[in-house]
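Enquirer: What follows is each chain in one-letter form.
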Amino acid sequence: MALLQRTRITQPPRPEHREFQEAIRDALAAASLGDLAQRRGSVVIGVTSPSHGEGKTTLAMAMAGLLASDLGVDVVLMDTDFETHSLGVEYDLAGEGGLAEVLDGRLSLESVVTRIPNTRLYVVASGSMPADVGRLARSGDLVNLVDRLKKQYRYVVLDLPGMLNSSAGRTVAPLCDGVIVVTQSGKTSSGDLERTLERLEGVRVLGVVVNRWKSHVPRWLERALGIAS
Amino acid sequence: MVPRKLAARIIRALPFLLIPVLLAPALTMFLQQRSAQDEFVAEATIWVLEPPMIQQSPLTIENPYLSPAQRQSEVINDLLTTDGFRLEVAEHAGLLPGSSDSLTQEQRSSVVRVIGRSVYADAAGSNLLQVVGEAPTEQVAVALVGSVVEVYRSRLEVEAQRQSAVAADYFREQMTAAEAELAERKAAADAYLAAHPGADQVPVDREYALLIGRVESQTRVVEGIGEALQGSHLNAVSASQGLAARFNVLDQPALSEHPNTVSRTQQLGMPLAAAVLGAMVSAGYLLVVFYTDHSVYSREDLAGAQVRFLGYTPRIRRRHGLFGRLAAWIRRDRNHARRVAASLSGKAAL
Numbered sequence: 001m002a003l004l005q006r007t008r009i010t011q012p013p014r015p016e017h018r019e020f021q022e023a024i025r026d027a028l029a030a031a032s033l034g035d036l037a038q039r040r041g042s043v044v045i046g047v048t049s050p051s052h053g054e055g056k057t058t059l060a061m062a063m064a065g066l067l068a069s070d071l072g073v074d075v076v077l078m079d080t081d082f083e084t085h086s087l088g089v090e091y092d093l094a095g096e097g098g099l100a101e102v103l104d105g106r107l108s109l110e111s112v113v114t115r116i117p118n119t120r121l122y123v124v125a126s127g128s129m130p131a132d133v134g135r136l137a138r139s140g141d142l143v144n145l146v147d148r149l150k151k152q153y154r155y156v157v158l159d160l161p162g163m164l165n166s167s168a169g170r171t172v173a174p175l176c177d178g179v180i181v182v183t184q185s186g187k188t189s190s191g192d193l194e195r196t197l198e199r200l201e202g203v204r205v206l207g208v209v210v211n212r213w214k215s216h217v218p219r220w221l222e223r224a225l226g227i228a229s
Numbered sequence: 230m231v232p233r234k235l236a237a238r239i240i241r242a243l244p245f246l247l248i249p250v251l252l253a254p255a256l257t258m259f260l261q262q263r264s265a266q267d268e269f270v271a272e273a274t275i276w277v278l279e280p281p282m283i284q285q286s287p288l289t290i291e292n293p294y295l296s297p298a299q300r301q302s303e304v305i306n307d308l309l310t311t312d313g314f315r316l317e318v319a320e321h322a323g324l325l326p327g328s329s330d331s332l333t334q335e336q337r338s339s340v341v342r343v344i345g346r347s348v349y350a351d352a353a354g355s356n357l358l359q360v361v362g363e364a365p366t367e368q369v370a371v372a373l374v375g376s377v378v379e380v381y382r383s384r385l386e387v388e389a390q391r392q393s394a395v396a397a398d399y400f401r402e403q404m405t406a407a408e409a410e411l412a413e414r415k416a417a418a419d420a421y422l423a424a425h426p427g428a429d430q431v432p433v434d435r436e437y438a439l440l441i442g443r444v445e446s447q448t449r450v451v452e453g454i455g456e457a458l459q460g461s462h463l464n465a466v467s468a469s470q471g472l473a474a475r476f477n478v479l480d481q482p483a484l485s486e487h488p489n490t491v492s493r494t495q496q497l498g499m500p501l502a503a504a505v506l507g508a509m510v511s512a513g514y515l516l517v518v519f520y521t522d523h524s525v526y527s528r529e530d531l532a533g534a535q536v537r538f539l540g541y542t543p544r545i546r547r548r549h550g551l552f553g554r555l556a557a558w559i560r561r562d563r564n565h566a567r568r569v570a571a572s573l574s575g576k577a578a579l
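Quick mapping for you: the protein sequence lines, in order, are chains A and B. Residue numbers for the first sequence follow the numbering used here, beginning at 1 and rising by one. Residue numbers for the second sequence follow the numbering used here, beginning at 230 and rising by one.
There may be inaccurate statements among the hints.
Footprint (simulated), chain A over chain B, 3 or more residues, beta carbon under 8 Å [unchecked claim]:
no., segment
1, 236-244
2, 517-525
Here are a few chain B residues that face chain A, going by a calculated C-beta distance under 10 Å [as the list claims (entries may be wrong)]:
no., residue
3, Met230
4, Val231
5, Tyr541
6, Arg568
Hints are computed from structural coordinates only; laboratory data are not their basis. A quick note: this is a predicted structure, and the numbers were derived from the prediction, not measured. Note that beta-carbon positions come from the ideal geometry of N, C-alpha and C, so glycine has one too.
Model the full structure from these sequences, guided by the hints.
Expert: Right, here's the structure in full:
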């Protein structure tokens, strides 16, 4: 309920939020997730970025929320970034256990899946910081857990760690049917993106979303200079 | 086509890029204003003929197409490059505290430098010469021009007298020799007549006629030399009067009531040049920043990554006006975007 109070989801989105919402829808459409879902039944989507703070968690939340609300299907959003555990913080699930506890066998999967009230979105926090992140990520339990989620939910959205910050991202990404890479406009360097894509070799990269984008060039100047949109 | 990143960089950094473009001319104008001082100009116009010191000589190369005024201006400007002439001008104008000999080396250098910058001569026509002086006060400008004219005129006079004296000395020597020769020839004719009485009677003795002819020709030589000598004496005596025709000051330097006005072109030239320099600095900065910026700004920057572009997601900010945004920045309110993202799952929000 704390989340509902904080986010005021009953309020209509402001115009600038609607723009964000439409941008997420466009990105999901461009990623051809519908085709994937038709072929595979359920889809595991990873959202990652080269480093922390470029907006991957925000976009993962938005994508999962829109998939759930627009398509009317069950969507689970799972935080696999054990270092930041941002989802737990955002959804007020910190301290309630999460993925780490499930992989350790201390909690059951059902006990850590939280449904967001009045929606078809489910959230799994990363849980407490495990001692050996790499071992957890590489364990077969994680593969089994993702398979279980795929059976229960139409879309499984994984909030992956930053590919250049954690080796866990490289391990978890192959579990996804497709990975969306998030870059921050004007911050993420081409070199970091290149290294990220190298680390995702063998994984289906659905595409790149340029986040926090703002066109500083007025429309009339874009037309005058022939700048492509 | 202009890269979007470059266009965006220009727009974003426009205020910063404009700083050198505006600051450099402003600074230049400030410095111009600060260093500007009133400058008075005095001019003298002089009717001139060929200067006496220029003589046609096979050892010197003279431009036959130069007018007398151009020759005179060349001579004056050449003299004005010498320290001696400058000091003499300064002394004559009363600009030195004492005589030029009592000055220290530093004072001499200073005076020489100021005079060199302040006065020059220029041809205003075939025979019209202008001597122009610029100085912080009208009195000094007039004094400088008058001094240059006077010192130059006195030099011309001295030179004319010197040349006349040299000519007189030369003709005097020639006269002595010619008179001696004449005396010899007269003596030879007299001796022949004494030895041959009646040789001067008609019909005149042929030998005697020859001797008399030599005496007469030598007499003409002596007379010619005498005329030249008189001419030299006349030149020496009338050097100043002759100079009046050769170097006739038509318009004396006059006091100008207003300082010299600087033209708009001169006023704006330096600030415009500074603005161009500032623009070049800005452009250089822009190019360095652009070529060292390897960040992903737009889809153009993904062209080499061989990966599909899914789209842009806009920056989400609180829109509560300037103070609201400032407060959000102070509070480090970075989770606003996530709360917006979380709200998208609610059906009511759609």
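Enquirer: The structure should be examined with respect to each hint, and the outcome stated for every one.
Expert: Results for each hint:
1. Note: the segment 236-244 of chain B has 4 residues with beta-carbon separation from chain A under 8 Å; the three-residue rule is met and the coverage holds.
2. Given as covered by chain A, the segment 517-525 of chain B passes the check, having 3 residues with a CB less than 8 Å from a CB of that chain where 3 are the minimum.
3. Here the hint on B/Met230 is kept, as its CB sits about 5 Å from the closest CB of chain A, short of 10 Å.
4. Satisfaction of the interface hint for B/Val231 is found here, the shortest Cβ-Cβ separation to chain A being roughly 4 Å, below the 10 Å cut-off.
5. Among the interface hints, the one on B/Tyr541 holds; its C-beta lies about 4 Å from the nearest C-beta in chain A, closer than the 10 Å criterion.
6. At its closest, the beta carbon of B/Arg568 sits 5 Å from a beta carbon of chain A; the interface hint therefore holds under the 10 Å criterion.
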